[in-house]
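What follows is the residue order along each chain.
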Amino acid sequence: MSDHEYIPKSKVGKWFNDRLPLLTLANHLTDYPTPKNLNYWWTFGGILTFCLLTQIVTGLVLAMHYIAHADMAFDSVEHIMRDVNYGWLIRYIHANGASMFFLAVYIHIFRSLFYGSYKSPREIIWIIGIIIYLLMMAAAFMGYVLPWGQMSFWGATVITNLFSAIPLVGEGIVTWLWGGYSVDNPTLTRFFTLHYLIPFLILGLVVLHIWALHVPGNNNPVGIDIKKPSKDTVPFHPYIVIKDGFALLMFMIVFAFFVFYTPNILGHADNYIEADPLVTPAHIVPEWYLLPFYAILRSVPDKLLGVVAMLAAIFILAALPWLDTSKIRSAVFRPLYRQFYWILVVDVLVLGYVGAMPAEGLYLLIARVATVYYFLHFLVVLPVLGLKERTLPVPLSITESVLGGSPNLATAKNKESLNN
Amino acid sequence: MKNFLRSIFLIIFLAGFQYNSNAAEKVEYLKTDWSFKGLFGKFDRASLQRGYQVYTEVCSSCHSMKYLSYRNLAEKGGPEFTELQAKAIAASFEVKDGPNEDGEMFTRPGKLSDKFVMPYENIKAAQAANGGAYPPDMSVLVKARGGGVDYIYSLLQGYEDPPAGITLDDGVYYNKYMYGNKIKMANQLSDGLVEYSDGTKASVEQMSKDVTTFLMWAAEPHLESRHQMGFKAIVYLIILTILVYFSMKRIWSRIKTEV
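Residue numbers (the numbering used here), protein chains in the order written: chain A, -10 to 409; chain B, 635 to 893.
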C-alpha cells in the first residue's frame, strides 16, 4: 500500500519493524494521502469510530454492574442509575450513544449515496459497511431488551416472532431463539451475551472497512480518481486529523446536550415500567432508527412477505454498486440523480414518521406508497437513470475544480465527460 | 461549511418535527413552573420536603417506592433533610428483618440504609386490596408516563364528574387526563388534607405540585448534578471546539483549500 519504503530512524525501531512492521503501519496511517477537497460529510467516519469506542467502553462498565436475569435486570439498571458512582452518566451516554451512533451512520450512508462512494472500485468497502450496519441494528435491538422494561419485552416478542413467518420451520426457530416458549430469562441471557459479542465483531469489520478503504483511497466530492500522492491530496496527519477532530467536537456538543439535558427523549416512557408478560402496551414501537424498516414491514398485509420486504429493503443496498449504472460517481455532476436523491431522503423520513404511527387509514396508505417508491428508486430509477441521464462535464483534477470555483462551473477539458 | 451546517439544521428540524408529532395524545396538560427544568434547573428544597410529606401521609398507603432508601432523603440534591431528621423518619417505620440466630424473622425500627417500607407484601396483595388494580411503584413513575411531570400534576387535579352518557363501574373514577379517562384510584387530594409545617397553604394545586416535584426527584435523584456537570461539559467542549477550529484554520492555511 505504501508508496515508499519506510525505514525507522532508530536502530531499535528498525529491529522491531523488521520483525513486526507496526511502525510501517503507523507511518502509512499518518502519511495516507487524502483528497484535500473532502467536505464535512466525510468526517462521519471518524465520528463513527468514536461512537463505537464510546459504546464499548461505557458498555464494559455497565456490564460490571448489570445483572442479566429476568427478575433482577430492571432493578440492576435502577441500581446503576442511583447507587453506582456516575452510573447515571455512563448509562445515559450508552443509551443516547446508540442513537448518536445511528444518526452518524445514516449521515455516513447518505453521504455515500450522494457522492457515489459505493461504486467501483469501492464495492467491498460498501458491502462491509452494510454488514456493519446490520450488526449495529442487531446490537441495538438486543441492547434495548436488556433493561427489561415493557418495550424491551414486547419489542423482543414482536421482532423474534417475525421468524415464525418462515414456512415449516418458523415456529421451531422462534422457540430455539427464545430458549423456551416465550421471551423469558433464557432469551435475556442470550441477548446479553450477543449484545456483548457483536460490538467486537463490528470492531473487526471496521478494521476491514478501513483497510479496504486504504486500497483505492477516499472518494471525494468531485468523485474523480486522483493521483496519490499529488497536489490533489494532503497527508492524513495533521490535515484530516484536525478536521475530523473539529467535527467530532461539534458532534460531541450535540451528544452532550442529549445526555445531560434530555436523556430520555429518544427512549420510550414504557421502558421505565418493568416487563410484564401479562400486560401488552397500547403501541409497540421500536427505537426511532428502526422505524423506516418497521413501516415497510407493516405496510405489507402478509406476514411472510412483510418480513421479506423489510429484509430486502436492507439487502438491496448491498446490490447498489451494480444497480446504479452511471459511471459518474458524484451527484454534483448528475442533475437528475440529485433530485431523485433528495426524494429518497424525504421518502425514508416519511417511512420513519409513519413507522411511529398506528398502521391504519391514511398512515398505512402513505406507508405503502413510500415503500413502493423506496424499491422503485433502487430497482428502476437508478438503473435507468445511469443510462439516460445527461451528466455535467467532470473536471480532470480536484485542483482544477477548486480553482474554478464551484465544481458545477468547472470548465472541463474533456467535453465528452467520462460518461459514454 | 455553510452548506454543511444548513443541511444539518434541516435534518435536525425534520427529525424534531417527526419526533414531536410522535406524541400523539392530544390532551392539554395543566402547566406550572417547574424549578428543575432548564439548563440550571434545581429542585425546590422546601417543595421536595413538602412533597415527601404528601407522599408519606397520602400516597404511601397504597404506592410503594422500592428503589428509594431513607438515606436518600438526606443526600445532596434531594430533599436534604438533615441526617438526624432522616434517621428519625427511618426509625418511624417498622422494618422486617431476619432471620435471627433462632431462625425467626423479627421487626425493628428502620435505619438509613433500609429501602422505603412497602405498603403491601407483594403485587398480588396490593391488587387484592385495590379492586384488582395494582397501584404502580412510584420510584420511576414520572419517567414511565408519556407526559412526565405535567401528566402526573394534571392527573392529580383531573377528577371530574363523568360527562353524560358515560357510566362508571364501582370503584372506577373519571379523570380527564387519564388515558381512556377511567381510573381506579379515587380522588385523593382535597384542600387542607395535610398540614404543612412551613405554613404553606395545602391547596390541591400546591400538594400536586409538591408531590410531583418529589416524584421527579425520586425518579432522577442525580438531576441536579447532571445539570451542573452538563453545563460545565458543554462550555468546555465549546471552548475546545473554538480552539481546535483556529488550529485547523492555521494548519490548513498551508494549503490553498477552503476548510
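Watch out, some of these pointers could steer you wrong.
[What the hints assert, rightly or not] Result set (EDC-like, lysine to aspartate or glutamate): computed pairs, CA atoms no more than 16 Å apart in a straight line:
no., chain 1, residue 1, chain 2, residue 2
1, A, LYS220, A, GLU378
2, B, LYS700, A, GLU67
3, B, LYS749, A, GLU389
4, B, LYS745, B, GLU728
5, B, LYS700, B, ASP771
6, B, LYS710, A, ASP72
7, B, LYS818, B, ASP795
8, B, LYS890, A, GLU389
9, B, LYS671, B, ASP784
10, B, LYS758, A, ASP265
11, A, LYS220, A, GLU67
12, B, LYS700, A, GLU378
13, B, LYS700, A, GLU389
14, B, LYS730, B, ASP771
15, B, LYS700, B, ASP748
16, B, LYS749, A, ASP20
17, B, LYS758, B, ASP771
18, B, LYS816, B, GLU829
19, B, LYS749, A, ASP64
20, B, LYS810, B, ASP825
21, B, LYS665, B, ASP795
22, A, LYS216, A, GLU389
23, A, LYS316, A, GLU378
24, A, LYS216, A, GLU378
25, B, LYS665, B, GLU839
26, B, LYS700, A, ASP72
27, B, LYS810, B, GLU794
28, B, LYS700, B, GLU738
29, B, LYS721, B, GLU709
30, B, LYS676, B, GLU709
Simulated from the structure, these hints should not be mistaken for lab results.
Indices of hints not satisfied (ascending)
Violated hints: 1, 3, 11, 12, 13, 14, 16, 18, 20, 21, 24 and 28; rest satisfied.
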